[in-house]
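For reference, the chains in residue letters:
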Amino acid sequence: MFKKVLIANRGEIAVRIIRACRELGIATVAVYSEVDRNALHVRYADEAYSIGPAPSRESYLRIDKILDVARKTESDAIHPGYGFLAEREEFAAACEEAGIAYIGPKPSAIAAMGDKAVARATVTKAGVPVVPGTEAEGSLRDEEIIAIAPQIGFPVLIKATAGGGGKGMREVIRPEDLSGALAAARREAEAAFGDGNVYLEKLVTGARHIEFQILADTHGNVIHLGERECSLQRRHQKVLEESPSPFVDPHPELRARMGEVACKAAAAVDYVNAGTIEFLVDKEQSFYFLEMNTRLQVEHPVTEAVTGVDIVKEQIRIARGRKLRYTQEDVSLNGWAVECRINAEDPYNNFLPSTGQIKSTILPTGPGVRVDTGVYAGFEVSPYYDSLISKLICWGEGRGEAILRMRRALEEYRIVGVKTTIPFHQTIMNSHRFIAGHFDTRFIEERFEMDEDRELRPEIAAILATLVAHRESQMAAQIVQRGERDTSNWKWVGRYERMHR
Amino acid sequence: MKYATTLNDKTYIIEINDDRHIVVDGVEYAIDFASLAGQSLYSLLLDNESYESFVEEREEAWQVLLRGVLYEVRVADEREERLRKASGGLAVSGGEFSLKAPMPGLVVAVPVAEGQTVVKGDNLIILESMKMQNELKAPRDGTVSRVRVKAGDSVEHNQVLATMA
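These protein sequence lines are chains A and B, in that order. Under my numbering, residues 41 to 541 are what the first sequence spells out, in order. Under my numbering, residues 7 to 171 are what the second sequence spells out, in order.
Any given hint could turn out to be false.
[To be verified] Taking lysine-lysine pairs in the DSBU-like style, the calculated list, with each CA pair at most 35 Å apart, reads:
id : chain 1 : residue 1 : chain 2 : residue 2
1  : A       : Lys278    : B       : Lys126
2  : B       : Lys137    : A       : Lys278
3  : A       : Lys207    : B       : Lys8
4  : A       : Lys146    : B       : Lys137
5  : A       : Lys399    : B       : Lys16
6  : B       : Lys106    : A       : Lys43
7  : A       : Lys146    : A       : Lys242
8  : A       : Lys207    : A       : Lys399
9  : A       : Lys278    : B       : Lys106
10 : A       : Lys165    : B       : Lys106
11 : B       : Lys126    : B       : Lys156
12 : B       : Lys156    : A       : Lys105
13 : B       : Lys143    : A       : Lys207
14 : B       : Lys156    : A       : Lys399
15 : A       : Lys43     : B       : Lys143
16 : A       : Lys207    : B       : Lys16
17 : A       : Lys44     : B       : Lys137
18 : B       : Lys156    : A       : Lys242
19 : A       : Lys165    : A       : Lys112
20 : A       : Lys242    : A       : Lys207
21 : B       : Lys106    : A       : Lys112
22 : A       : Lys304    : A       : Lys278
23 : A       : Lys242    : B       : Lys143
24 : B       : Lys16     : A       : Lys242
25 : A       : Lys323    : A       : Lys399
26 : A       : Lys44     : A       : Lys165
27 : A       : Lys399    : B       : Lys137
28 : A       : Lys105    : A       : Lys323
29 : A       : Lys242    : A       : Lys105
30 : A       : Lys278    : B       : Lys143
31 : A       : Lys353    : B       : Lys137
32 : A       : Lys278    : A       : Lys323
33 : B       : Lys106    : A       : Lys399
34 : A       : Lys323    : B       : Lys137
35 : B       : Lys137    : A       : Lys105
36 : B       : Lys16     : A       : Lys278
In case anyone wonders, no lab produced these hints; they're calculated from the structure.
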C-alpha cells in the first residue's frame, strides 16, 4: 500500500479523502492557500504546506508547487479530488513523470474524454449511443452549423467544445435565432475556456440526467455501481442527487443495459480508476451518452450509501495496482439515498453567494444521516472558491423513508453566519412533484417555487419578529448606560483580590 | 410596550409587558424566549410549543426563517405607528439608491453608463464571486447617476458600486 498520499484539493472533498487514507493507515499531506490556513483539511491532515495566495491559479492550480511539496514530503501518490486539477491531463502526466502515482485515470483517458467531440466520436465507435449532433464533424463555421441544423431538428442546444458547467451553452428553439445564439455562445466559450469552438446537439426534451458510477482496475476489470439521478439542476449545476433513480429503478433491464453501455464507454478509452458516465434519458427510455467525468464526483456518497462500497478507498487500491474486490454480480443496491448540496447562497435573493464567518453550526446526526463538510464554527467562508460548504446524505429503506429522513435532518441542521440553501432543499422535500418522482432537468427553473405547498405559521413569525425587535430596542437603551471601568483591569483585579484576602 | 406587527397585509397588535408573557390580539401566552449562538438564531417556547428560527433585520423589515419558510415582517411600536398614520402613510419611492456589493468579488462587466436610464430588473453590474457571475439588478426605474467601478476591479463587501437617481 502507499505510505503517504498528498491531497491536491481543499474543502469537504479533501476531508473525505483524508478520512479514507486514515482508515487505510496511510499518512496524509494537505496543501493550502493563504486563506485556508485554518481549514478543516489542514487541521485533519498529518502534514500541511502553504502553496500560495488565495486565487486558485496561484495556489490550488499550481502543478509545480504541488509536485514540489509531494517530492519534499516523499508522498507516493496524489489524489486530485474534483474540480481544480482533477481533469487536467498535464497534471496526471506530470505526476507520472515525477514517479508519483496519480489516483485517477491515465492522462490519455483524461484527454480523450476531456474533449467532448473526441469523447463522442470514441464512444460512438464502441457502439455507445450519443445525442444526434455535429460533434464528430470537428470545429465548424457558423454557416456550416446553420446548414446542418435542420437535419438534426429543432430545438437544438449549442455547446462549447471545451465546455462544462453550463458556460457557452445556448438553447435555440427557432431557426432564425441560431446565428445570434452562436455568436453569444462563442463569446462566452472564448471568455471561459479560451476556446470559442462550439457544436450543435439535439435538445432532448423532458430529459432526465442519469449517470453511472464505474470502477475499473489495471487488470482489465470494469464494473458499475448502479445509477444516480441528477436531474435536479439549477443553471446546469446539480443541486440534489439520489440513488437509485426513481425512473430507472422499476426497470432492472434498463439499468443492466445502461450499465453495460457505461462499462463499454469506459473500456473504449482504457479507463482505469473511478469514473462517471453521464446519460440523457428521454420518456421512451432511450438513452444517450452525454459525457464522462474522469474523476471522483461530488455526489459519490449516495452510491456509497446504497452499495456499501467506499469509492475513495477503492480508488486508492486501484491506483496501487490491486484487483477490484467486487465483480458485477457482487454489486446490489440496498435501500435509497438522497444527497442535498448545501451551498453558501441565499435562496431568497437569487442564490447570491454569501460569505463570512460561520458563527455556529449544529450538524444533523442520528440514524441514516451522513454529513461531508469542510467548515466549522469559526471558519471564514471566503469568496475565492465554490460555494459548496456541506453535503447532507440520508439513507432509507425506501425512497419515502430517505425523503422523510432528509426532511428531519434539514430541520436539525443549523448554520449561523452565512445564508445557505437549506430552506431551498426543505421546499424541494415538500414538493409533491419531487415526492412523486415527476421531474426532469427543467423542473427547478420552470416549475418550482420557493413557497409552494408549505404549512404557514404567520402568527408565530409575527411574534418572533416582535420579540426580537423588542429585545433590540431594550438592548439599545442599555448600551448607553454601559460604562467602561474607570480604571485598568489590572488595577481592578488587584483591588478585588485585596478585598477578598 | 405595544407593537403593531404587519405580515402579508395582516396586522397583529402585540403587547410585551414582561419577559414571561405576550398578548397577541388580546390573547395571552406564556413565553420563554432565548437567543442561541449569540446572534440571529432564537428559540421560543410559546405555551411550551417549541420553535426555533433565524430572525434578521434587512432594509427596515424583519426576515423570519421558520421551518424552511421565509417571512417578511414589519414591526412598529405604537409611537412609530402613530407617526406613520399622521404622515398619511406616504410611501417614499424616489430618493437616491446606492448599489452596494453584497459580497466581496471581482467586477466582470458594467453594462450601464452614467446618465443612462434603466428600468427595474436591468443589470447594473456583473460581479464574480465564488466562481459564479452574479447579476446585480436595478431595484426600480431610474437614471444611473454615478458608476464607481469598472470591469476588472476587486471590490469589498458593502462597497458602493453605482448610484441611481
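Mind listing which of the numbered hints don't hold for this structure, in increasing order?
3, 6, 10, 15, 16, 18, 19, 21, 24, 25, 26, 28, 29, 36
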